Amino acid sequence: MRNGAVHLLLALFCFALGQCCFAIGGVDTAPPPAAPHPVSFTHPQETKLANGLRLIVAERPSLPLLAIELIIRSGSEADANDLAGTASLTGSLLTKGTEKMSAPEIANSIESLGGTIFSSAASDNSSAGVLVMSNKAEPALTILADVVLRPTFKQEEIDRLRKQSLDGLRVALQQPGSVASYVIGRVVYGDGEYGHAAGGTLETLPAIQRADIVKFYQTYYRPDNAALIFSGNVTFEQAKEYSQRFFGDWKPHQATVSPISAATGVWKPTRIVLDMPEAGQASVSVTKPAIKRDSPDYYSGLVANAALGNGFGSRLNREIRIKRGLSYGARSSLDIRRDAGAFTASAQTKNESAAEVASLLQVELKRMKTDPVQGDELKSRQALLAGNYARSLETDLGFASQIAGLAVFNLPLETLDKFIPSVNAVTTKDVTAFADKYLETPSSFVIVGKASAFLETLKKSFSEARVIPQSNLDLNRADLVKQK
Amino acid sequence: MYAGRLLFLFSACFTLTTSGLSREPDAEIKKLSFKHTTLQNGLEIYSIEDHSSPTVAVQVWYHVGSKDDPNRRSGFAHLFEHIMFKGNEHLTPETFEELTENVGGENNAFTAPDVTVYHEVVPSNYLEPILWAEAERMSSLALNDANFNSERDVVKEEYRQRILANPYGEFSLAIDQKSFAAHPYKRPSIGNIAELDAAQLPEVKAFHSTFYRPDNATLIVVGDFKATDLETWTKKYFGPITRPAAKIPRVTVAEPPRKEDASEVLSSAKAPLPAFAVTYLAPSVRSEDAAALDLADEILSGGQSSRLYQSLVYEQQVAQRASFSADLREDLGLLTFRVIVASGKSLPEAEKSLNDQIEKILKNGVSEAELDKAKNRFLTGKLMERETNNGKASALGEAAVIYRDPNHINTDLAKYRAVTVSQIKDVLNKYITGKKKVLIEYLPDAKREAAKPQEAEKP
Numbered sequence: 008m009r010n011g012a013v014h015l016l017l018a019l020f021c022f023a024l025g026q027c028c029f030a031i032g033g034v035d036t037a038p039p040p041a042a043p044h045p046v047s048f049t050h051p052q053e054t055k056l057a058n059g060l061r062l063i064v065a066e067r068p069s070l071p072l073l074a075i076e077l078i079i080r081s082g083s084e085a086d087a088n089d090l091a092g093t094a095s096l097t098g099s100l101l102t103k104g105t106e107k108m109s110a111p112e113i114a115n116s117i118e119s120l121g122g123t124i125f126s127s128a129a130s131d132n133s134s135a136g137v138l139v140m141s142n143k144a145e146p147a148l149t150i151l152a153d154v155v156l157r158p159t160f161k162q163e164e165i166d167r168l169r170k171q172s173l174d175g176l177r178v179a180l181q182q183p184g185s186v187a188s189y190v191i192g193r194v195v196y197g198d199g200e201y202g203h204a205a206g207g208t209l210e211t212l213p214a215i216q217r218a219d220i221v222k223f224y225q226t227y228y229r230p231d232n233a234a235l236i237f238s239g240n241v242t243f244e245q246a247k248e249y250s251q252r253f254f255g256d257w258k259p260h261q262a263t264v265s266p267i268s269a270a271t272g273v274w275k276p277t278r279i280v281l282d283m284p285e286a287g288q289a290s291v292s293v294t295k296p297a298i299k300r301d302s303p304d305y306y307s308g309l310v311a312n313a314a315l316g317n318g319f320g321s322r323l324n325r326e327i328r329i330k331r332g333l334s335y336g337a338r339s340s341l342d343i344r345r346d347a348g349a350f351t352a353s354a355q356t357k358n359e360s361a362a363e364v365a366s367l368l369q370v371e372l373k374r375m376k377t378d379p380v381q382g383d384e385l386k387s388r389q390a391l392l393a394g395n396y397a398r399s400l401e402t403d404l405g406f407a408s409q410i411a412g413l414a415v416f417n418l419p420l421e422t423l424d425k426f427i428p429s430v431n432a433v434t435t436k437d438v439t440a441f442a443d444k445y446l447e448t449p450s451s452f453v454i455v456g457k458a459s460a461f462l463e464t465l466k467k468s469f470s471e472a473r474v475i476p477q478s479n480l481d482l483n484r485a486d487l488v489k490q491k
Numbered sequence: 006m007y008a009g010r011l012l013f014l015f016s017a018c019f020t021l022t023t024s025g026l027s028r029e030p031d032a033e034i035k036k037l038s039f040k041h042t043t044l045q046n047g048l049e050i051y052s053i054e055d056h057s058s059p060t061v062a063v064q065v066w067y068h069v070g071s072k073d074d075p076n077r078r079s080g081f082a083h084l085f086e087h088i089m090f091k092g093n094e095h096l097t098p099e100t101f102e103e104l105t106e107n108v109g110g111e112n113n114a115f116t117a118p119d120v121t122v123y124h125e126v127v128p129s130n131y132l133e134p135i136l137w138a139e140a141e142r143m144s145s146l147a148l149n150d151a152n153f154n155s156e157r158d159v160v161k162e163e164y165r166q167r168i169l170a171n172p173y174g175e176f177s178l179a180i181d182q183k184s185f186a187a188h189p190y191k192r193p194s195i196g197n198i199a200e201l202d203a204a205q206l207p208e209v210k211a212f213h214s215t216f217y218r219p220d221n222a223t224l225i226v227v228g229d230f231k232a233t234d235l236e237t238w239t240k241k242y243f244g245p246i247t248r249p250a251a252k253i254p255r256v257t258v259a260e261p262p263r264k265e266d267a268s269e270v271l272s273s274a275k276a277p278l279p280a281f282a283v284t285y286l287a288p289s290v291r292s293e294d295a296a297a298l299d300l301a302d303e304i305l306s307g308g309q310s311s312r313l314y315q316s317l318v319y320e321q322q323v324a325q326r327a328s329f330s331a332d333l334r335e336d337l338g339l340l341t342f343r344v345i346v347a348s349g350k351s352l353p354e355a356e357k358s359l360n361d362q363i364e365k366i367l368k369n370g371v372s373e374a375e376l377d378k379a380k381n382r383f384l385t386g387k388l389m390e391r392e393t394n395n396g397k398a399s400a401l402g403e404a405a406v407i408y409r410d411p412n413h414i415n416t417d418l419a420k421y422r423a424v425t426v427s428q429i430k431d432v433l434n435k436y437i438t439g440k441k442k443v444l445i446e447y448l449p450d451a452k453r454e455a456a457k458p459q460e461a462e463k464p
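Residue numbers (my numbering), protein chains in the order written: chain A, 8 to 491; chain B, 6 to 464.
No wet-lab data here; the hints were simulated from the structure.
Treat the hints loosely; a few may be bogus.
[Stated by the list, open to error] Calculated from the model, a selection of chain A residues having no Cβ within reach of chain B, i.e. all distances over 10 Å:
1. 220
2. 253
3. 357
[As the list claims (entries may be wrong)] No farther apart than 25 Å at their CA atoms in a straight line, the calculated lysine-lysine pairs in the BS3-like style are these:
4. A:170 / B:435
5. B:420 / B:357
6. B:264 / B:420
7. B:420 / B:435
8. A:444 / A:376
9. A:330 / B:210
10. A:457 / A:444
11. A:55 / A:275
12. A:170 / B:440
13. A:161 / A:222
14. B:350 / A:161
[Said to hold, decoys possible] Footprint (simulated), chain A over chain B, 3 or more residues, beta carbon under 8 Å:
15. 75-82
16. 263-272
Quick caveat: nothing in here was measured; it's all calculated off a predicted structure.
Idealized CB from N, CA, C, for every residue including glycine.
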């Protein structure tokens, strides 16, 4: 039977905390935890429409809310480098006008229902969705289907959105943290399909023509390259009827086009200082290519990354924040895409301590291999990942977004249930092997900040750092430097 | 008495009836049954049993916020919040991580102008240990200089990250600083580097004994627990904490009415676009006018169909961002209009557009459809808040501590539903028409402006 909830009796909350602080007795010591209660969550169901649209439904009847999200399995990786931002503009423009409704009418009609509509694109995917009270499902679906199937991409709307995007980008380019994320994309992915900025640059956004947007839409927005996700107070039967009624007539514009395959180019470690003389803080990152979504190292990567840089108790936070007070928060992340991926460890710190933080990040990466993640540390990061995962499934939008994360990569729904057991199955040996293969090897670093405050110190440890003045930064090029 | 194992067993139903065009059946939102007890030492405890997931949200709301920062110690209440994680003779600096994220939970805290809130979500079998730990840090802190100094450095990095690394960080700080003349709300929660540096360890201890006491705290527990267990544990761990004899000091400074309009011009080396804010003094969050002001906030700036987005951002394209907030606090509040000017447009152009919109809503009021929309959005937001134990705990804490009416979580919907279009117009006129405004302009440095390259964009 495919209905109902799957109960996962998990080792999730079961481990005791070792010898550190729990003695038996009075109120001066922490009482021990009780036996854990089982975790369960809804098991979604799926089917496919005749036009190839994958439909996935998570029945979550506890509150009268409903999230509906449509994902397209193509995004910014399909943009040409000199037209970076095409997927993003296309996604955002869906809600800016259809044959029947203007942009203000779309916003007003969904918001009058008390709902929200959103549409955007990132790497590997584009998406559009609504969140509404479940008794407003039909009017909300009418709007969602209209914006997905019948967008008009009026020139006036393109110009307006382009201008807004450029202004948003100008603000982002004054923040060390967001500048760093643009630079990291280039440092890891070079001139490959993932290298250009998903949202476009100051140079590419003005170059995008309406024809580019229409072409992107007609090529990739097609039922056989999409999935429709319902999460909330709806039954599978009702959702099937809705999707047939609202999306059953959706036909592709042209013959099958497979999602683009992203190459990563040749990577070699580099050290970049992006000099922003007015920066109020420095953003310091260590980064390198890592795993793609279907890598066999996926779960060991998640656990290794969590030990290094997820949560207050992670190694980076213990060393950089708690022990030395050098940052409000240090973290690491895996950017896992269809055909490639990146690992990044980062912290923001006062300009004067940028070099020290860069060294600390490198030391901690190396230590992942020499000082293995084991015992309580390993268990604690497995529990953290499982707990974060369980909490991400608490809301209708959160559940929809976990499903979307699978649908984007064409993964089976069983992957949802595998997450916690797979994380818990990761061993010290797996984490060490991951560290050996991906973390211990040479990294690139990217420091964005006021170079005069740290360059001298930095050069003592890393003589070959390349300094790029803010005014010379060119995000359109793999070498990041404007050509004279 | 408590409500029993099923959360909604004794629930009533509210329905939202709208006078607009909506003909779908009205959404139901169920009443939350909470239990309230007060310990002998004055600790207020509110709880909701809900076994739908094996987690519990625990929050401790202390009725002390950045408005209670000691003199010349702006940012102290927030610094203190950080120190609360650093342990005592029974707690190590790692205890909260060990009892939360290391077992699949999470923890954090925030400092607001009126309150400081410590919150955790834990697997339900960890409820007893986390209650013990919260009781421990309520009863005492034992600090050393090393912990204190490193945590102060963390807070200074937080200041740099939020304020200095953000091109509009100093603009945001200036709004409270320039808008309040006398009330300590003028001091930003995050403080400033000099006053953070001046803080001393003995002041931390004094702050704890002054404000961190059971009769100044409210414990909220929502999720998978048995009421009898909760009663036993709260008595066991919080019960022995003594209630000090001294009176809790309260801010008594009254903000004087504004006598004239004021304006401030700030310049920024980082801001790529000019920005400005216009503020008016507003009433307490407990005022009768609060519901109508909240709905006015929604009508003016909630979503892309809101008035300010439609006029300033969409139609006229004079603003990169435009918002209004009815920022109501315990003692009084601010009505704040905030605009980041779009490139190629001037600040005076954007200011005129904003003034036109303000004038229009004051003169003509709002439509029934706009008000219905705002009420529907409020209802959806309330449902979303109900999706998690933590969301329900936050709502209950806010109701009990900020609104001083825990039942506010169940009565607010009726209050909002009762607001009429004429009330919206009336409250906006009450606090804006004939009142004095503060204007804060935030301009990119002239020298950077001059060096700016020509606009690259073309269609």
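Here is how each hint holds up against the structure:
no., hint, verdict
1, 220, "13 Å, holds"
2, 253, "16 Å, holds"
3, 357, "6 Å, violated"
4, A:170 / B:435, "37 Å, violated"
5, B:420 / B:357, "34 Å, violated"
6, B:264 / B:420, "33 Å, violated"
7, B:420 / B:435, "19 Å, holds"
8, A:444 / A:376, "10 Å, holds"
9, A:330 / B:210, "22 Å, holds"
10, A:457 / A:444, "33 Å, violated"
11, A:55 / A:275, "43 Å, violated"
12, A:170 / B:440, "36 Å, violated"
13, A:161 / A:222, "14 Å, holds"
14, B:350 / A:161, "23 Å, holds"
15, 75-82, "violated (count 0)"
16, 263-272, "violated (count 0)"
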